[in-house]
Amino acid sequence: MKRTMTRRGFLKTGGGALAGAYALGLAGCGGGSEQEGSSKSLEFWGFDEGRVNFAKAAYKSKAFESKHGDVKITFRILPYEQMHDKLLTALVSGQGAPDIADIEISRFGQFIKGDRVPLLGLKGRIGDAINDIYEPAAVDPWSWKGEIYGVGNELNTVVMAYRRDILEDAGVQLPFATWDDVIAAGQEISTGDRKMFAIHDLSFGDHYMMMQHAGTAYFDENGNYNGDDPRSIEAMQFLHDLVYKHEIAAIAPAEADNNWAPPQYMASFRAEKFIATFGPPWHLSYFIDQVPDQSGKWDVQELPEGLGESRPTANFGGTGMAITEQSGNPEASWALIEAGNLTKEGVLFDFEERTAYPAYKPAYEEQALAQPNDYFGGVKIGQLYSDIADDLPAFRQSPVWPDTTEAIQRDVITPVMNDKADAETALTEMKGTVEDLQKEQ
Amino acid sequence: MQPRVDEAGQGGDRKTAPDGATGKRRWGGRRSTAAPYLFLLPFFAIYSAFLLYPTFSALWLSFQEAVALDTPAFIGLDNYVRLVQDERYLHALRNTTVYALASVFILSPLALAVALAVRSFLVPSANLKSFYRISLFLPFITSFVVIALMFGLIFNKDFGLLNSFFRSIGLPELNWLRSERLAMLSIVLVGIWTYLGVNSLYFLAGLQNIPHELNEAAAIDGANRRKTFLYVTLPLLRPTILFVVVQATIFSYQLFEIPFLLTNGGPSDATLFLSQYLYEVGFSQFDRGYAAAIGYSMALISIVLTIAQLLLYRRYTR
Chain B
4 MKRTMTRRGF LKTGGGALAG AYALGLAGCG GGSEQEGSSK SLEFWGFDEG
54 RVNFAKAAYK SKAFESKHGD VKITFRILPY EQMHDKLLTA LVSGQGAPDI
104 ADIEISRFGQ FIKGDRVPLL GLKGRIGDAI NDIYEPAAVD PWSWKGEIYG
154 VGNELNTVVM AYRRDILEDA GVQLPFATWD DVIAAGQEIS TGDRKMFAIH
204 DLSFGDHYMM MQHAGTAYFD ENGNYNGDDP RSIEAMQFLH DLVYKHEIAA
254 IAPAEADNNW APPQYMASFR AEKFIATFGP PWHLSYFIDQ VPDQSGKWDV
304 QELPEGLGES RPTANFGGTG MAITEQSGNP EASWALIEAG NLTKEGVLFD
354 FEERTAYPAY KPAYEEQALA QPNDYFGGVK IGQLYSDIAD DLPAFRQSPV
404 WPDTTEAIQR DVITPVMNDK ADAETALTEM KGTVEDLQKE Q
Chain L
49 MQPRVDEAGQ GGDRKTAPDG ATGKRRWGGR RSTAAPYLFL LPFFAIYSAF
99 LLYPTFSALW LSFQEAVALD TPAFIGLDNY VRLVQDERYL HALRNTTVYA
149 LASVFILSPL ALAVALAVRS FLVPSANLKS FYRISLFLPF ITSFVVIALM
199 FGLIFNKDFG LLNSFFRSIG LPELNWLRSE RLAMLSIVLV GIWTYLGVNS
249 LYFLAGLQNI PHELNEAAAI DGANRRKTFL YVTLPLLRPT ILFVVVQATI
299 FSYQLFEIPF LLTNGGPSDA TLFLSQYLYE VGFSQFDRGY AAAIGYSMAL
349 ISIVLTIAQL LLYRRYTR
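Chain order of the listed sequences is B and L.
Everything in the first sequence is counted per my numbering, starting at 4 for the first residue and increasing by one.
Everything in the second sequence is counted per my numbering, starting at 49 for the first residue and increasing by one.
If we strip away everything but chain B, and leave its shape as in the complex, we get (with noise of 0.2 Å):
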């Protein structure tokens, strides 16, 4: 008999056959979300090369090796946004997120939101470990509620580093010993064409190293917004009279994709717009890769005196891995991030290949990390990182750092490096701007 079909009967054959790929669909999603936790294939995903990089080392290693020779590790690079996004999407949706991730410790924010955590604790597998390692770097910015969920392995401390032959021909006593000699240099070499520093008016950067030199964060260890602490406003208006009373510095060129050290802004270093600067070592590799003709002529030191608590050094950068909640294996995901981390062997092959400097204290030991770097005039800048580690102010991470950082940049930083807002009303308006961000979590 031959059959013929209806409209309706077509749209009920449709419906059910679509229903049923739903359905199919969803038992994908069920069963894909079940953690066998001895996989042999895992994945990592990363949003820079040289971490990749790391990671890959990491991988092929004796450390990770010995223990899990069978495993095999895909290594994916999505761009920076991309890969956090779809983390965060694939860790809501339970299904497709890697077993171990790179997260920048700006957006590791987005992680801790809400009740739970979609990443592993590893406080129990880093165990003594923990005594080896600068904690403020390596884990502190991976760290919520007493637990870790990330390790970093780059030593952030921020250094002051300037052009010493520029400063002796202009008879400037080095190093400095307080920010008013700093002024004082600046005044004497700034003009109309070159300055001391390049603030940015883009990025929380300056202000956040600044304030932790001053003895403050943005967040105080109940997880209350702190910006409106007095050595947070000294260190605003400490920048802004640098650019507009005191006049040794100019507005980074800097721009919205890129606001920390875009072309132009090493560009204007390359031509002596600019002759110091203070930031961390991938702030300071920057230099080395591309102000190579300066090699020899700058310096590094210590922060200066002079502001609030006046500590030697600030925390600023860095990137912990971490072994999600879909991992088909957290122990070999979490061999990975041991032998890149807290191995000598994987530290030090950053360091060869990035110049990250490591959180890992027992690396600087060897002897790659002891020797003189001739792009900063010779000075042991491994020793001067490691001796003023211990100084790391505690990172006070919170739920809303990405949103009040951003809030920050736009209604403190920006308008009050361009001298149009005060700096301590600024700073004590933001305080119901992050309230009201904490009442939306």
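I should point out that these hints are in silico values taken from the structure, not numbers from a laboratory.
Any given hint could be a false lead.
[To be verified] Using 27 Å as the maximum straight-line C-alpha spacing, the simulated DSSO-like pairs for lysine-lysine come out as follows:
# : chain 1 : residue 1 : chain 2 : residue 2
1 : B       : Lys126    : B       : Lys59
2 : B       : Lys75     : B       : Lys126
3 : B       : Lys276    : L       : Lys205
4 : B       : Lys148    : B       : Lys442
5 : B       : Lys70     : B       : Lys148
6 : B       : Lys148    : B       : Lys364
7 : L       : Lys275    : L       : Lys177
8 : L       : Lys205    : B       : Lys423
9 : B       : Lys248    : L       : Lys205
Following the hints, position chain L against chain B.
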């Protein structure tokens, strides 16, 4: 009497194929088959999975409090009430509307002017006309990332092309992308550069559809160029104008890439557009319910404005 037509339009004899058993008409007549519908099924399956489902899912999400990994909770219209109390949303709405107004009242007339110029005696040769048509289309097919990079260099305060030109003629340098006063103007200028050509092509197509005889008749009746344009060309271009204005409005409320890459919404939210705010709320604050409400508000605004434009069009074409 009107002959009854087979619904599937097949069979050729335009006769109804009654179903003897049920009285229902059969689908497809004598050569009835499910094949056409099976061929269509993949499209509908994909359409349902990737468009209908997300659309309705987002609508449902907009009525929920869904932050980060917490279980979503139904909160009715709270997210929509929050929209009208959210200063940043209202600021983004104002910025987006300013851009949309610039698209309608600056970009569209300019596009018409360019189209008229290409069609006029100013571009006499057919080859030259073709050259212009292709040239006008190129910005539209250029990647937004490339456009943003290019204009980032042009607008750069210290090394930019525009300020170099200003310097050469003795004018002061301007901080195009970093000044709250100029940043929106810069985005509008980039928008004009990007969309001017393609909108001109729409107008060119519209102009080509106007019969030449009407212009000749107007000339014989003593109408000069201005009157011919105002009383013949412009009224006959109304459908094209409507199309250009509607799509300019819709595109304006969807604008994301260029301000995101050029200014990232700054300085101090001076170029924060609705789409970027949605992205921030969705992926930075990870407030999925509220982000869905912002998305639906954008859709609603576009729909209302489009309907208003259609009604205006009908009113003036009666």
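Here is what the structure says about each hint:
Distance check on the hinted pair: Lys126 of chain B and Lys59 of chain B sit about 24 Å apart at the alpha-carbon level, within 27 Å; holds. A threshold of 27 Å between alpha carbons decides the hint, and for Lys75 of chain B with Lys126 of chain B the separation of about 25 Å falls inside it, so the pair holds. Only pairs whose Cα atoms come within 27 Å are accepted, and Lys276 of chain B paired with Lys205 of chain L is accepted, the gap being roughly 15 Å. Under the criterion of a C-alpha separation no larger than 27 Å, the hint pairing Lys148 of chain B with Lys442 of chain B is consistent with the structure, at around 18 Å.
A C-alpha spacing of about 31 Å is found between Lys70 of chain B and Lys148 of chain B, which places the hinted pair above 27 Å, so the restraint is violated. Taking the CA atoms of Lys148 of chain B and Lys364 of chain B, the gap is about 25 Å. The hint holds against a cut of 27 Å. Note on Lys275 of chain L and Lys177 of chain L: the hinted pairing holds, with a Cα-Cα distance of about 25 Å set against a maximum of 27 Å. Pair hint Lys205 of chain L plus Lys423 of chain B holds up; C-alpha atoms about 19 Å apart against a cutoff of 27 Å.
For a cut-off of 27 Å, the pair hint linking Lys248 of chain B to Lys205 of chain L stands: about 23 Å separates their Cα positions.
Figure legend: structure checked against the earlier numbered hints; the only hint not met is number 5.
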